[in-house]
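Protein chains: 2
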Amino acid sequence: MKRYEQLAQDIADMIKTGVLAVGERVPSVRHASKTYRVSPSTVYQAYYLLENRGMIRSRPRSGYFVCSQPQQAVPRSKSSPHTLKFTDVDVSELVFSVLGSLRDPDIVPLGSAFPNPTLFPMSRLARSLANATRTMDLHSVVAHLPEGNQDLRRHLVQRYAIANVQVPLEEVVITDGALEALNLCLQAIAKPGDLIAIETPAFYASLQALERLQLKAIEIPVDPHDGIDLQVLAKALKKHPIKACWFMTTFQNPMGATLSDDKKRELVSLLTRHQVPLIEDDVYNELYYGRQQPKPAKAFDSEGYVMHCSSFSKSLAPGYRVGWVAAGRFSRQVERLKLMTTLSASIPAQLAVADYLQYGGYDRHLRKLRHTLEVQQNQMRTAIDHYFPKDTRVTRPEGGYFLWLELPENVDSLELFNMALQEEISIAPGPIFSATRTFRNCIRLNYGNPWDARIERAMKTLGKLASSF
Amino acid sequence: MKRYEQLAQDIADMIKTGVLAVGERVPSVRHASKTYRVSPSTVYQAYYLLENRGMIRSRPRSGYFVCSQPQQAVPRSKSSPHTLKFTDVDVSELVFSVLGSLRDPDIVPLGSAFPNPTLFPMSRLARSLANATRTMDLHSVVAHLPEGNQDLRRHLVQRYAIANVQVPLEEVVITDGALEALNLCLQAIAKPGDLIAIETPAFYASLQALERLQLKAIEIPVDPHDGIDLQVLAKALKKHPIKACWFMTTFQNPMGATLSDDKKRELVSLLTRHQVPLIEDDVYNELYYGRQQPKPAKAFDSEGYVMHCSSFSKSLAPGYRVGWVAAGRFSRQVERLKLMTTLSASIPAQLAVADYLQYGGYDRHLRKLRHTLEVQQNQMRTAIDHYFPKDTRVTRPEGGYFLWLELPENVDSLELFNMALQEEISIAPGPIFSATRTFRNCIRLNYGNPWDARIERAMKTLGKLASSF
Chain W
1 MKRYEQLAQD IADMIKTGVL AVGERVPSVR HASKTYRVSP STVYQAYYLL ENRGMIRSRP
61 RSGYFVCSQP QQAVPRSKSS PHTLKFTDVD VSELVFSVLG SLRDPDIVPL GSAFPNPTLF
121 PMSRLARSLA NATRTMDLHS VVAHLPEGNQ DLRRHLVQRY AIANVQVPLE EVVITDGALE
181 ALNLCLQAIA KPGDLIAIET PAFYASLQAL ERLQLKAIEI PVDPHDGIDL QVLAKALKKH
241 PIKACWFMTT FQNPMGATLS DDKKRELVSL LTRHQVPLIE DDVYNELYYG RQQPKPAKAF
301 DSEGYVMHCS SFSKSLAPGY RVGWVAAGRF SRQVERLKLM TTLSASIPAQ LAVADYLQYG
361 GYDRHLRKLR HTLEVQQNQM RTAIDHYFPK DTRVTRPEGG YFLWLELPEN VDSLELFNMA
421 LQEEISIAPG PIFSATRTFR NCIRLNYGNP WDARIERAMK TLGKLASSF
Chain F
1 MKRYEQLAQD IADMIKTGVL AVGERVPSVR HASKTYRVSP STVYQAYYLL ENRGMIRSRP
61 RSGYFVCSQP QQAVPRSKSS PHTLKFTDVD VSELVFSVLG SLRDPDIVPL GSAFPNPTLF
121 PMSRLARSLA NATRTMDLHS VVAHLPEGNQ DLRRHLVQRY AIANVQVPLE EVVITDGALE
181 ALNLCLQAIA KPGDLIAIET PAFYASLQAL ERLQLKAIEI PVDPHDGIDL QVLAKALKKH
241 PIKACWFMTT FQNPMGATLS DDKKRELVSL LTRHQVPLIE DDVYNELYYG RQQPKPAKAF
301 DSEGYVMHCS SFSKSLAPGY RVGWVAAGRF SRQVERLKLM TTLSASIPAQ LAVADYLQYG
361 GYDRHLRKLR HTLEVQQNQM RTAIDHYFPK DTRVTRPEGG YFLWLELPEN VDSLELFNMA
421 LQEEISIAPG PIFSATRTFR NCIRLNYGNP WDARIERAMK TLGKLASSF
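These protein sequence lines are chains W and F, in that order.
At position 91 of the first sequence the residue is numbered 91 (the numbering used here), and the sequence of numbers has no breaks.
At position 444 of the second sequence the residue is numbered 444 (the numbering used here), and the sequence of numbers has no breaks.
These aren't lab readings, by the way, just hints derived from the structure by calculation.
Be aware that a few hints might be false.
Note: identical chains are not told apart, hence a pair may lie in one copy or across any two.
Unchecked claim - Derived pair list, reagent style DSBU-like, types lysine-lysine, alpha-carbon separation capped at 35 Å:
{"no.": "1", "residue 1": "Lys239", "residue 2": "Lys191"}
{"no.": "2", "residue 1": "Lys235", "residue 2": "Lys464"}
{"no.": "3", "residue 1": "Lys191", "residue 2": "Lys460"}
{"no.": "4", "residue 1": "Lys295", "residue 2": "Lys216"}
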């Protein structure tokens, strides 16, 4: 550890232990230089580091002051604006170990991000695949590089139109799943060192993308009912050079929160005012249990600042890797990045989905799928009620297939993850959803598996383990 | 190889090495039949084949004569060691305008990077696709994230083994085409500002990748026969902090050069000594015309510094987007990047290729494809001889489907590109293959299209345009 890092650490410890209180002035550079016997430039470096970590803040002509520190995030309480931090993201190792646990078919996959493939019309899709490739136009192999199959893109624009979202055909680029779409969007607008606003808790792939592209995160708290805190966001936009936001506006992973239409409109207008693009991850949109499909923020975007990303992986065709983006004013950049990085999505998969959308009965399948997921949510909530510690709190999302649990304070979800794995159960521990490794007593559970005795048993075991802390 | 093919090969070798000179009479059928101890009909077949390839021509009642071959010597790239520059790469706009020209089916696609899809067993593949997805194991959707289908990877390792390259199964990751493989390798080992050695001329996608990732290029000249200049590379390695090399060691795009086994061995040992990884782009390897498949540099890699990238897009399944990488000591990093950026390649496409490799007759298809491409090369070379300016120089690659033409000094290939486009012909102008926009009087032509009157006409027009400078 370098000298200034050591110094920063010492001061951070003082802050954490309350030796330096919130709002208190940090020793002046001159004073610190004397006290710690280091050069003034070392002190500056240390203070700069602490500032970057959001622990202290400079006030012009007054020096540095201790910021209020983030509270342990709690599902129903909103974190306050002062808790914002810029964070170098480094969460991958943890995520990989969780994902690794899902490869073994003997493990009960409650930690999985994927719904069970038996929920999807795989054999009907295979028929579409066979039909479509039999009659495949050979020229199409190069004609639609990189934006993707014309029919598929037309179907998407039609589905947007039905949902009352006007998207021109030229804006739509087919991608290798939504994950590629999101990554391309991020690359199109940010370069190393840039600051990106994400949710906390956030989908871990967004954390990994930031890590990979050497971007910095500013975490905006999510309320399980209302979604991200727009006031915190508004303040952050004023104060910091935020380059883009990456948010899930509907059935947010992992919390399940959905922004109301009004809030979505407000979000878009706020970002448009600041000319900050929104990368909207909307992969669960079709999995709503209510009467109406939630609108994406994209529906309120008149200036083209919303890059709407989604896929068929969660609603129709897992493993086919067919996603898309409608990237507004950034479409050309995204299209070019697609061409440069993976050229085009797999053509047979695109043709199969296009054929299925035309003839397969997508909406009938979706109605069935939504009903199934809603029933399974209730089964899992009931099991939590039976088997888990009394003061466990759990979300009740109106779509998707994740529950977010806040376990009693003393439960360490990383430890719980290891204990559960011994029992051949996988869970998603809270810290993988945060750049700052918070949510230590939280877990995400997947109810996208048909309820059966094996799952019931796993929930019972898990509840017992959680009670053992 | 059949008897007549063997004989044709022997005579072709004599022509290539000058044993049989241009204009010289080829031995009479009777004479050859005696000399080579084959039946006269075998000789006829061989001569017919050579005629088809444009190497000999019959004159009524006089027998067969060696055709004039277009001059083959394209001089080595001129950069000398002291002209090496670090270059910020910025070639994309140019490349996009060339690629854009290929979307219209009315344009003769001589500038295309893709072979004509009619050369591939698309309907047999579609059958494999239908078979494989009908019996698809649902668990496989998540079980092989991100490294890809187990059967497909086993087939690849077997094909490596047949080519005498030992690659452990764990090293192989399936990607969305070779382009993704190459990009992942680059990301795994380089960060913005790093210096990458590339060829000059180079495949433009490597230039675009460098541009996108904000890397700097150092250009190593390529000789059309022997490939990259190892002496220049050795000096550059000593002098500059080169982070990685991105080379095509076999049938280099655009020049067609292939490094000999000895040179490949030397290259690997040089890079291993400097601990500099080689990203080996080897997508044309299966398209050899000679007797033996060229070995990749990977064959000589004992320390794991070679990241071998290839795909089925040029040899079997264009549009399926099935590629792979065997990334040596960097496999884990590449695997993780794959997981973070696109999760996995499309599963139906992977299953289809695996099924085809098992049952489809890949090697039979490849033999036919190689023969077709060799014949088409001769047809195009003959057309160049007829229609192009006298001092045009052209390569004679022993595989792939590109010719590289050096036109007279005063020809501006960018202007020629625009003129040709007016005539509905696309070509690939030299400057898109260079970070420094050199090769102004060079073009790349694709002979991966079945020869017909339309192509012949296009060549005639192109020759006329080139002569008009």
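Hint-by-hint comparison with the structure:
no.	hint	result
1	Lys239 x Lys191	both (20 Å within a copy, 29 Å between copies)
2	Lys235 x Lys464	neither (43 Å within a copy, 66 Å between copies)
3	Lys191 x Lys460	neither (47 Å within a copy, 47 Å between copies)
4	Lys295 x Lys216	within (29 Å within a copy, 44 Å between copies)
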